[in-house]
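Novice: Sequence:
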Amino acid sequence: MTNIKAGQSLLRPAPAAAWTPTKLAGPSCLPAANLRTYAVLVSALARPHPGLAFSLFAGACRGLRPGPHLVSAVLATCAGLPPLCGRPPRDVFVYTGLVDAYAKAGDMAASRVFDEMPCPGAASWNALLVGYARNKMCLEALSVFRELAGQGREVPLDQVSVSGVLSACSSAGTVDFGRQVHACAAKVGLELGAVYVSNALLDMYARCGCSREALVLFDAMDCRDVIITWNVVICACIHESRFKEACILFQSMVRDGVLPDDVSYATALQASACILSWALGASIHASVIKTGFLDSDGVASSLITMYSKCGSLGDALQAFEVAEDHFCVMSWTAMITALQQNGHGLQAVDMFEKMLEHGIPPDHITFVSVLSSCSHSGLVEQGRKDLEMGEEVAKKLFVIEPGNTGNYVLLANIYTSHGRLEKAKEVRKWMRFQELRKEKGCSLVNDESQTSML
Numbered sequence: 001m002t003n004i005k006a007g008q009s010l011l012r013p014a015p016a017a018a019w020t021p022t023k024l025a026g027p028s029c030l031p032a033a034n035l036r037t038y039a040v041l042v043s044a045l046a047r048p049h050p051g052l053a054f055s056l057f058a059g060a061c062r063g064l065r066p067g068p069h070l071v072s073a074v075l076a077t078c079a080g081l082p083p084l085c086g087r088p089p090r091d092v093f094v095y096t097g098l099v100d101a102y103a104k105a106g107d108m109a110a111s112r113v114f115d116e117m118p119c120p121g122a123a124s125w126n127a128l129l130v131g132y133a134r135n136k137m138c139l140e141a142l143s144v145f146r147e148l149a150g151q152g153r154e155v156p157l158d159q160v161s162v163s164g165v166l167s168a169c170s171s172a173g174t175v176d177f178g179r180q181v182h183a184c185a186a187k188v189g190l191e192l193g194a195v196y197v198s199n200a201l202l203d204m205y206a207r208c209g210c211s212r213e214a215l216v217l218f219d220a221m222d223c224r225d226v227i228i229t230w231n232v233v234i235c236a237c238i239h240e241s242r243f244k245e246a247c248i249l250f251q252s253m254v255r256d257g258v259l260p261d262d263v264s265y266a267t268a269l270q271a272s273a274c275i276l277s278w279a280l281g282a283s284i285h286a287s288v289i290k291t292g293f294l295d296s297d298g299v300a301s302s303l304i305t306m307y308s309k310c311g312s313l314g315d316a317l318q319a320f321e322v323a324e325d326h327f328c329v330m331s332w333t334a335m336i337t338a339l340q341q342n343g344h345g346l347q348a349v350d351m352f353e354k355m356l357e358h359g360i361p362p363d364h365i366t367f368v369s370v371l372s373s374c375s376h377s378g379l380v381e382q383g384r385k386d387l388e389m390g391e392e393v394a395k396k397l398f399v400i401e402p403g404n405t406g407n408y409v410l411l412a413n414i415y416t417s418h419g420r421l422e423k424a425k426e427v428r429k430w431m432r433f434q435e436l437r438k439e440k441g442c443s444l445v446n447d448e449s450q451t452s453m454l
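Count the sequence shown with full-length UniProt numbering and you get residues 1 to 454, in order.
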């Protein structure tokens, strides 16, 4: 079928009792099942198969924002059910669907529905736990996992429950609880045999700053042919500034026959930039072209940054020209930063103005680069124009990053370079009042064999 309305008209005439689980294939026959299509199906399934109706509603919530037609259809389904309080539920599957639907809508009143279930199964526990995790209610998710683990064999742990609570541990930074979950997973055989759990463990250790534990787990894994697994462990090394190790892992991944994706290339280019390895970055660039990932915004901006940090501004400009047509704030910001860091402050400001002319809204990183460019003494001849731009950019940054001392220092430098010494004193006085201190700077020196920090 090529017409959604035609598909809906075919769905409506079927008698309600005729709808069976196999008929759920209906929406997949449509080219782009929309909310009205889902509403028709939910209404048709409401009485004969309320559990399936809620399951379909939950599925619609995954990729679409529920509209009035779909909500009214699912409410009509609710009207045919017994009250939650005082009477036993007719179908645990129905209430599991309700818990899932509430959670996906961001309403954790789902817990009240769960509390009314006399015998919640694994799917019910998972719906509540994952709902808390997705809604960033991490402590509640950990509490639900404790209760679930206490159920023992009645409700065994599975991949969904373990990976869900590990996601909450990652968000909350509770690595100690994550280690306990790791022990539970190993006890029931989910540590290395389940890819989802292994990746969730890697991600938890990486985001909690425990890259060594992540690497130990990674080395023990039997199945390492999934790109997400490699990406997580490479990101873990970068997170702890172990850039050379990240590069080695990327090369090992390629040798093992695992094809990189845009995340792999972006992180590998970031690591190459941090160890100032132009040769490695250029070889990755060649692979990017060969595999067709130049269209990725993250890869394009990482290429610009890599060449810039390696001192090859010409290559950075070429990479930007390839990405310029995409009108991506990441690429423009990377190029503005590259110009500013290589001593071309005037060109950086010009690039910023060109970016605004193209209608691309800057982000806070763009503002930092422009503010730094305006603070260079080489731009004094532009006078009031750069001073006013620097002030406006600084005001925006003070709102976005109130605790970033670098922004205050840059504004003070702008005032000093334009002879506004009293204004510069006021900024520094305000820094002292807020107890903000500038961190010491450093330089990286690459002597072929290693990169040293001075």
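Everything labelled a hint here was simulated from the structure, so no lab data went into it.
For every residue, glycine included, the Cβ atom is placed at its ideal position computed from N, Cα and C.
There may be inaccurate statements among the hints.
[Claimed, not checked] Quick list of the computed label-pair ranges, beta carbon to beta carbon:
#, residue 1, residue 2, range
1, Ser241, Ser287, 36 to 46 Å
2, Arg255, Leu139, 41 to 51 Å
3, Arg153, Gly257, 35 to 45 Å
4, Ile227, Asp363, 49 to 59 Å
5, Asp222, Glu116, 38 to 48 Å
6, Lys187, Leu317, 49 to 59 Å
7, Val226, Ser171, 16 to 26 Å
Novice: Which of the numbered hints are not met once you compare them with the structure shown?
Specialist: 1, 4
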